[in-house]
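Q: The primary structure of each chain is shown beneath.
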Amino acid sequence: MSLQKFTVIESAVVPVQVENIDTDQIIPARFLKATTREGFGDNLFRDWRYDTQNKPVQSFPLNDARYSGSILVAGKNFGCGSSREHAAWAIAGAGFRVVVSSFFADIFKNNALNNGILPVQVSDAFLSKIFALVAVKPKTKIRVDLEKCEITLAETGEKESFEINAYKRTCLLNGYDDIDYLIAMKDQIEAFEAKKTWV
Amino acid sequence: MMQTLFDKIWDGHIVSSIKDGPDVLYIDRHLLHEVTSPQAFLGLDARGIKAARPGQSFATCDHNVPTLNQEKPIEDPSCRIPVEKLAENTARHGITHFGLNNPNQGVIHVMAPEQGIVLPGQTIVCGDSHTATHGAFGSIAFGIGTSEVEMVLASQCIMQPKPKKMLISVEGVLGKGVTSKDLILYVISKITAGGGTGYFIEYAGQTIRSLSMEARMTLCNMSIEMGARGGIIAPDEKTFEYLKGRPYAPKGAEWDQAMVYWKTLFSDEGAVFDKVLTFDASEITPMITYGTNPGMGMKIGDSIPSGANLAESDRISFEKALKYMNLESGQSLLGKKIQYVFLGSCTNGRIEDFRLFAGFVKGKQKHPDVVAWLVPGSGNVARQIREEGLDKILTAAGFSLRQPGCSACLAMNDDKVPSGMYAVSTSNRNFEGRQGPGSRTFLASPLVAAAAAVTGQITDPRNDLN
Ligand code: SF4
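Here the protein sequences line up with chains Z and X, keeping their order. If you count the first sequence from 1, you need to add 39 to reach the working numbering. If you count the second sequence from 1, you need to add 3 to reach the working numbering.
Isolated chain Z (complex conformation):
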């Protein structure tokens, strides 16, 4: 199974200016019941996006016609809490390929990368700049270049470089999958097992 390759994405953004967004907000537990990976996008941010009568909350950015695109921008410590990969599936299912924040929870970061979503960690200052710019120009575009590890505000040309582990970068650029890699290591793993002394 391979992932969709990732090179450069230039897109308008959807801003959700909230910190510590936990995966229970990204996809509430009652929507985790499907046994396949599909169909989670409709319930992304369900309880912020719809009110208790199931009517769309117009002020929520995902329902706000001014915002669109494949880049989600959120406050710091994004994806904390539950390890549910359904959060990454919901984000991908809703059409996002990039999440920009100034801080990501560890498990979320792995889950995102394993689903071809790029978590771009920027400085607090750069994040504030994005939110401020989007507030006045909702259709403003951001360019994310994985080859160069750079994020650029198309409007002003201001940019910042971001970090990503070199191995994961290669995987994303080529659409490789960790599981194929591990299965191919069979002999090495068996040799390790033969030597281990604990239970």
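Check the hints yourself; a few may be wrong.
[What the hints assert, rightly or not] Below, a sample of chain X positions facing chain Z; criterion: calculated Cβ distance under 10 Å:
hint, residue
1, Ile-17
2, Tyr-29
3, Gln-125
4, Ile-147
5, Pro-166
6, Thr-200
7, Ala-231
8, Glu-315
9, Ala-324
10, Ala-414
If you are wondering where the hints come from, they were derived from the structure by calculation, not from laboratory data. Heads up, the beta-carbon is just placed ideally off N, CA and C, and yes, glycines get one too.
Using the hints, position chain X with the ligand against chain Z.
A: Same frame as chain Z, now just chain X with the ligand:
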């Protein structure tokens, strides 16, 4: 070279290190439940392969199970199907499964230690962030996503970048009525919900040594609530004592051989951590959270802090949380009316938690306006409750017991706190809607939960300890 406990285990489990990339880490124990595994099994099917080491995986169903009438088929198909899928998948791959008909079924992180499945010095993963619980045994245990569940099933290995190391050292004696739940809520309130991100934590010091194995599990369980990958405590006599004779623990010569390894599991004198924090146990009181992440906690007698001095973006989030909880800065929570009490979860669903709760309510009565869900963490805990006669104490005080599962910890089954209602919960997350859409959660210890259950309001349990 002086090594930390974490380094000893991690480095010993590296099959290979990818240049500028993650380590390929060998996994000793893999735990599974019905919510995060079906897609991983589908992945194996798509590749046409079987689980590589089925003997090292153990499963149970917990998140979706009802806590009443478990003998009957689950009515809601959306809950029933994942539970059935897990039974099918584990049978097909030869994985041991503690299903609903098994007397030891329960919350995965309660069931596995009881069975002696998790042992010191092991690497342990589960598609569940509270896998951190098992660090109480001196193992490296952490939560993973479903793609990683598939990796482990396919190869018994996982790819992980090595986290940084933090030492949290706690000295001094915990006061009367102060539990390890209060200790961890206190630590998280000091270092925030993101303060441990990127780190693996070792808990050490006199206070930690003095804790029982169950109290250590409660502590390690919540490591994830500060963002840490996990928490670990060096094994000692208490650990070995707890494990001896458990069904899956080694026996005889194997036990002796295991002990040789287990005795090497401690941080060497002078080993270096990336960060060291020290806390004084005597400063801690019963704790309560007031907000919508576990870092928003305070001593039960304190007033809700003000967000005025926070940076702009932090302030927006702080105010959003208080608005959701319908609370204000400056307010004390003592005397605040609550409608629900939940005793259970992988944090506080063990026998010691039920002893604490029963001990407090003994001779008192449940408040008539409170709905109390008392959910044992496993079939084994439920049996112990009966054997010790705690059920009689609870019944006499107006409470009833439910059947094991995650229940109101995340409200995937029918145990949902209605919108706008307040619950005092012994679980681990107070996120918006965690206990049901619109629910409002105060996280606390089993003693604070017991005091709330009999008074109908938030009460300092130290005023009335039996
Ligand atoms: S009890 Fe709660 S935290 Fe623990 S495994 Fe179940 S849902 Fe997760």
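Q: Please go over all the hints and tell whether each is borne out by the structure.
A: Cross-check of the supplied hints:
For Ile-17/X, the suggested interface contact is upheld, since its CB lies about 9 Å from the closest CB of chain Z, less than 10 Å. For Tyr-29/X, the interface hint holds, since its Cβ comes within 10 Å of a Cβ in chain Z; the closest pair sits about 6 Å apart. The criterion of a C-beta within 10 Å of any C-beta in chain Z is met by Gln-125/X, whose closest approach is roughly 7 Å, and the hint holds. The interface hint given for Ile-147/X holds, since its Cβ lies 6 Å from the closest Cβ of chain Z, which is under the 10 Å cut-off.
Hint on Pro-166/X holds. Least Cβ distance to chain Z is approximately 7 Å, under the 10 Å limit. Satisfaction of the interface hint for Thr-200/X is found here, the shortest Cβ-Cβ separation to chain Z being roughly 6 Å, below the 10 Å cut-off. The criterion of a C-beta within 10 Å of any C-beta in chain Z is met by Ala-231/X, whose closest approach is roughly 8 Å, and the hint holds. Hint status for Glu-315/X relative to chain Z: holds, with the closest Cβ pair at about 8 Å, below 10 Å.
Checking Ala-324/X against chain Z: minimum C-beta separation of about 9 Å stays under 10 Å; hint holds. Nearest Cβ of chain Z to the Cβ of Ala-414/X: about 6 Å, under the 10 Å cut. The hint holds.
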